[in-house]
Amino acid sequence: MSQPRFDPYAILQELERVRCGFVVIGGLARVIQGSDELTHGLDIAPSMNKESLRRLGQALENLNARRVDRQPLALDQLDPQREPVIELTSDAGEIKIVPEPAGTRGYEDLRFRANHEPLGHGLRPSVASPGDLVRMLEAHDRQPDPLVLETMRTVLELEHRLTIWRLEQHVHSFFLRVLLHLIDADK
Amino acid sequence: MTSGNGRTRTCQRPLPRLRIAISEPPFRCWKVDSAAVRSKLPSSIARWETDTVEPGYSTLRRVLQASGFDIPPVLVPYERDLERDAQVQELRELTPQERMARLLARLDKPR
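As they're listed, the protein sequences go chains Z and X. Here the first sequence is numbered in the numbering used here, starting from 443 and rising by one per residue. Here the second sequence is numbered in the numbering used here, starting from 1314 and rising by one per residue.
Source of the hints: derived by calculation from the structure; they are not laboratory data. As the structure is a computational prediction, the values presented were derived from the model and not from experiment. One should not assume that every hint holds.
[What the hints assert, rightly or not] One side only, chain Z facing chain X, incomplete, derived with CB under 10 Å:
1. Asp449
2. Ser477
3. Glu479
4. Val569
5. Asp587
6. Thr593
7. Thr596
8. Leu621
9. Ile625
Cβ atoms here follow ideal geometry from the backbone N, Cα and C, with glycine treated the same way.
With these hints in hand, go ahead and build the complete structure from the sequences.
Okay, here's the thing in structure tokens:
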């Protein structure tokens, strides 16, 4: 049986359409944040809110998603300790549900630092921050690809530098405005 | 790695960042339950965990030693991979949409 073609837009559109809470994590999140790797699936940390899980279930049903281990998909019984990752195949490619990604406390922990990244097609999904993505790689049981980890650390460093630069620009423009105001007041 | 009773047994890989679980073990690397950690406010540990602040070197060593680990103060040569830096910089200049398009184009390419 051939693998379905990975179509992240189809999956994200469905998830956004049903309005369930989730943060994109894993390989695709790293690519969106600037990593140069290949990924064939979409990983998400879902909101554990009951209504949100019900909507997620509905979206997965619409995508014809099935568990790889052929077990029934019972999202209302998600237990991160017993089953840290649920692997699914769907008409739009692989999907992984990770209720509590390694090194984090799950959706509620990630969503504050996640950004709504514009991906085109009217989609702005919540994508985990570079800092959280590095944390997940470092805390993962499996040894991460050193190249991916180093790349993500560089992304994080650039992000920090950009944040400092933006802050400096704000401070400069604030003082410039104050200075101009004082000059105007002097006239 | 933690054993069944939550005590730290072995750590099979280098840990570049401090990971501490206070009550529940959300992180898989360590579980620290020691006087050194208990003497710290949970809020300050939570700030370490979320990278809001980083503990000082001596604090870090105290906590590590209390949990049966240590970081040897040894300097090793470090060389930046300028090629990778340039590549990351180049990718960072793309928009998230362009990065997605790049990924999909690479996936579509026949191997």
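Structure-inconsistent hints, enumerated in ascending order = As far as the earlier hints go, 5, 8 and 9 are violated by this structure, in ascending order.
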